[in-house]
Amino acid sequence: MRERLNIAKKSIFLGGLVVSIAYVLPFVLVFINAFKPKMEILMNPLALPKALDIDNFKQALQKMDFYRSLTNSVIITVTSVSGLIIFSSMLAYYLARNKNRFTKTTFLILVASMIIPFQALMIPFISIFAQFVAINNRAALIFFYQGFGIALSVFLYHGFISKIPMELDEAASIDGAGDMTIFWKIIFPMLRPVTATVAIVNALWIWNDFLLPRLVLTRETQTLPLSTYLFYGQYTSEYGQAMAGLLLAVIPIIAFYLVLQKQFISGISQGAVK
Amino acid sequence: MHHGNQLKKFLLFALIPLSIFTVVLLYPFIQGMYLTFTNWNGFTHDKYVGLANYTKSLRDPAFWVTLRFTFKYVVVSVITINAVAFGLALLVTSKLKSSNIFRTFLFIPNLIGGVILGVIWQFIFNTALVSLSHKLGWSLFSSSWLGDTNTAFWALIIVTTWQASGYMMIIYVTGLISIEQDVIEAARVDGASAARTLWSIKMPLMAQAFTISIFLTLRGGFMAYDVNLALTGGGPYRTTELIAMHIFQDAFAFGNFGTGQSKAVLLFFLVAAAALVQVTISKRAEVQQ
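Just so you know, the sequences run in chain order A and B.
This note's numbering applies: residue 105 is where the first sequence begins, and numbers increase by one.
This note's numbering applies: residue 89 is where the second sequence begins, and numbers increase by one.
What the hints contain is simulated information worked out from the structure, not anything from laboratory work.
Treat the hints loosely; a few may be bogus.
[Stated by the list, open to error] Below, a list of computed lysine to aspartate or glutamate pairs in the DMTMM-like style, where the Cα atoms sit at most 20 Å apart: (1) A/Lys-142 with A/Asp-157; (2) B/Lys-96 with A/Glu-274; (3) A/Lys-154 with A/Glu-324; (4) B/Lys-185 with B/Asp-278; (5) B/Lys-97 with A/Asp-157; (6) A/Lys-167 with A/Asp-157; (7) A/Lys-203 with A/Asp-273; (8) B/Lys-223 with A/Glu-144; (9) A/Lys-203 with A/Glu-144; (10) B/Lys-183 with A/Asp-273; (11) B/Lys-183 with B/Asp-270; (12) A/Lys-203 with A/Glu-271; (13) B/Lys-97 with A/Asp-283; (14) B/Lys-97 with A/Asp-279; (15) B/Lys-290 with B/Asp-270; (16) A/Lys-167 with A/Asp-283; (17) B/Lys-183 with B/Glu-268; (18) A/Lys-154 with A/Asp-169; (19) B/Lys-96 with A/Asp-273; (20) B/Lys-97 with A/Glu-144; (21) B/Lys-160 with B/Asp-278; (22) B/Lys-96 with A/Asp-283; (23) B/Lys-185 with A/Glu-144; (24) A/Lys-203 with A/Asp-283; (25) B/Lys-290 with B/Glu-268; (26) A/Lys-162 with A/Asp-283; (27) B/Lys-97 with A/Glu-271; (28) A/Lys-267 with A/Asp-283; (29) B/Lys-290 with B/Asp-278; (30) A/Lys-142 with A/Asp-159; (31) A/Lys-366 with A/Glu-342.
Being a predicted model, the structure only gives us computed values, none of them experimental.
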């Protein structure tokens with residue numbers, strides 16, 4: 105019995121090992137080929153590089169305007185996510201604490217809006233907001249993300265706030281605290297687990313988003329996915345440089361994830377049960 | 089006094105977020121529906137054309153090619169993603185010391201956007217696998233999978249499954265660990281096999297996880313754009329265009345704003361109908377358990 109259990113355990117382990125390797129192999133492939141000159145890649149894409157050649161990286165860093173794109177991505181993601189946290193927690197608090205026909209309908213519309221595909225807005229969107237985009241496309245993009253992200257974020261916050269007893273607000277109110285003080289000093293700090301979920305889910309989406317930035321941003325303000333895609337398209341035949349560019353593009357988020365992986369996984373799973 | 093208080097709360101907490109939501113999402117959505125009934129050319133419109141844009145869309149043979157291709161992609165990818173994700177969830181919840189490390193690795197593809205993943209796999213299919221198979225004498229990959237409609241379809245499925253299964257795995261893991269140990273223990277004492285326990289106890293008790301995950305993959309399938317763009321670009325000869333890309337091309341590459349927008353509205357109804365049917369069926373299955 106014990107013997108059989110051991111064999112079962114070993115085969116599960118082996119299965120897990122094989123699948124895990126298969127899941128990261130494409131990244132490993134990018135990693136090893138990023139250090140090779142073109143000919144060496146064509147000879148054998150699976151072989152380790154003969155020498156660590158960092159010329160590919162120098163080229164890619166410069167041609168894809170890496171630092172500027174990275175800065176743009178960070179600015180856009182951080183600002184958008186902070187805005188979403190503030191706006192959606194406040195709206196969710198209002199909707200959860202004031203139950204009437206208006207708030208119930210609003211909540212339903214928000215939830216239903218989540219199935220609207222971006223393609224159904226994209227075409228009128230461009231003409232409606234052309235002027236705003238022309239004035240400041242980064243600000244416009246951040247503004248758009250507030251509108252697109254608010255439904256899911258409110259939904260996540262709403263479920264959590266509904267479980268916090270009303271007596272808490274009432275007690276604070278009797279003590280003379282105003283609405284804003286009650287929310288920011290008492291309620292918001294209790295929302296930390298959801299705030300983590302909201303931050304992670306939205307950050308992943310905005311960091312990786314492609315279509316909306318492609319329609320809105322220009323060369324000066326482009327984010328990392330945009331510049332990587334354009335760079336790759338231009339230098340497809342320069343395999344080594346293309347791989348170096350891809351590696352540079354995935355490193356920031358993977359590093360971030362490996363540092364905060366517990367928060368990532370629990371954030372995603374808490375978002376999932378809602 | 090009470091009413092004034094209500095109004096103040098609305099102004100403080102709800103006015104700004106709701107205005108943004110209305111301006112960014114509701115208004116373009118309604119405006120977009122309205123425009124499909126006019127002769128809109130992307131900038132102006134001066135008369136109503138009834139359903140002309142819709143009939144024109146439905147008479148477009150390329151649209152039907154896209155619809156068929158999209159349906160096939162949605163059905164196959166929903167099955168593969170959920171089957172793989174559920175398998176992975178069972179793997180990482182088995183009581184192994186290494187299961188946390190496996191989970192960490194399996195989630196990684198999900199962190200990266202579809203466009204970057206798409207170009208990574210483009211390199212794999214177009215260059216790495218082809219050069220390897222010439223070297224080793226394989227025939228399976230001797231010409232790029234992306235050069236042929238049928239193999240390109242499977243390339244799309246492979247990349248989509250690889251990308252999305254890590255996320256869905258987390259949803260199934262959450263479902264699996266929410267099942268109370270007593271129930272499983274009781275089944276074991278009654279002599280139920282592991283497979284039997286999984287099928288008759290665990291899966292029904294975590295039915296909600298299936299509902300959510302199937303819903304998300306269904307929606308994702310209909311809206312998929314990034315991987316499609318970066319992996320096949322719709323090629324060869326526009327035969328692997330999913331509906332999202334077809335709409336983009338119709339409007340922005342060919343300047344057909346009227347039909348492009350009507351196809352987008354049709355896509356909305358398609359997603360809404362599919363989601364409604366799926367959630368109804370799943371909810372009924374959940375209740376029956």
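Now for the hints, and whether the structure bears them out:
{"no.": "1", "hint": "A/Lys-142 with A/Asp-157", "in the structure": "holds, 11 Å"}
{"no.": "2", "hint": "B/Lys-96 with A/Glu-274", "in the structure": "holds, 17 Å"}
{"no.": "3", "hint": "A/Lys-154 with A/Glu-324", "in the structure": "violated, 37 Å"}
{"no.": "4", "hint": "B/Lys-185 with B/Asp-278", "in the structure": "violated, 28 Å"}
{"no.": "5", "hint": "B/Lys-97 with A/Asp-157", "in the structure": "violated, 61 Å"}
{"no.": "6", "hint": "A/Lys-167 with A/Asp-157", "in the structure": "holds, 17 Å"}
{"no.": "7", "hint": "A/Lys-203 with A/Asp-273", "in the structure": "holds, 15 Å"}
{"no.": "8", "hint": "B/Lys-223 with A/Glu-144", "in the structure": "holds, 13 Å"}
{"no.": "9", "hint": "A/Lys-203 with A/Glu-144", "in the structure": "violated, 66 Å"}
{"no.": "10", "hint": "B/Lys-183 with A/Asp-273", "in the structure": "violated, 43 Å"}
{"no.": "11", "hint": "B/Lys-183 with B/Asp-270", "in the structure": "holds, 17 Å"}
{"no.": "12", "hint": "A/Lys-203 with A/Glu-271", "in the structure": "holds, 16 Å"}
{"no.": "13", "hint": "B/Lys-97 with A/Asp-283", "in the structure": "holds, 7 Å"}
{"no.": "14", "hint": "B/Lys-97 with A/Asp-279", "in the structure": "holds, 18 Å"}
{"no.": "15", "hint": "B/Lys-290 with B/Asp-270", "in the structure": "holds, 12 Å"}
{"no.": "16", "hint": "A/Lys-167 with A/Asp-283", "in the structure": "violated, 51 Å"}
{"no.": "17", "hint": "B/Lys-183 with B/Glu-268", "in the structure": "holds, 16 Å"}
{"no.": "18", "hint": "A/Lys-154 with A/Asp-169", "in the structure": "violated, 28 Å"}
{"no.": "19", "hint": "B/Lys-96 with A/Asp-273", "in the structure": "holds, 16 Å"}
{"no.": "20", "hint": "B/Lys-97 with A/Glu-144", "in the structure": "violated, 66 Å"}
{"no.": "21", "hint": "B/Lys-160 with B/Asp-278", "in the structure": "violated, 43 Å"}
{"no.": "22", "hint": "B/Lys-96 with A/Asp-283", "in the structure": "holds, 9 Å"}
{"no.": "23", "hint": "B/Lys-185 with A/Glu-144", "in the structure": "violated, 39 Å"}
{"no.": "24", "hint": "A/Lys-203 with A/Asp-283", "in the structure": "holds, 17 Å"}
{"no.": "25", "hint": "B/Lys-290 with B/Glu-268", "in the structure": "holds, 10 Å"}
{"no.": "26", "hint": "A/Lys-162 with A/Asp-283", "in the structure": "violated, 54 Å"}
{"no.": "27", "hint": "B/Lys-97 with A/Glu-271", "in the structure": "holds, 18 Å"}
{"no.": "28", "hint": "A/Lys-267 with A/Asp-283", "in the structure": "holds, 19 Å"}
{"no.": "29", "hint": "B/Lys-290 with B/Asp-278", "in the structure": "holds, 15 Å"}
{"no.": "30", "hint": "A/Lys-142 with A/Asp-159", "in the structure": "holds, 12 Å"}
{"no.": "31", "hint": "A/Lys-366 with A/Glu-342", "in the structure": "violated, 38 Å"}
In terms of the numbered hints stated before, the structure departs from hints 3, 4, 5, 9, 10, 16, 18, 20, 21, 23, 26 and 31, listed from lowest to highest.
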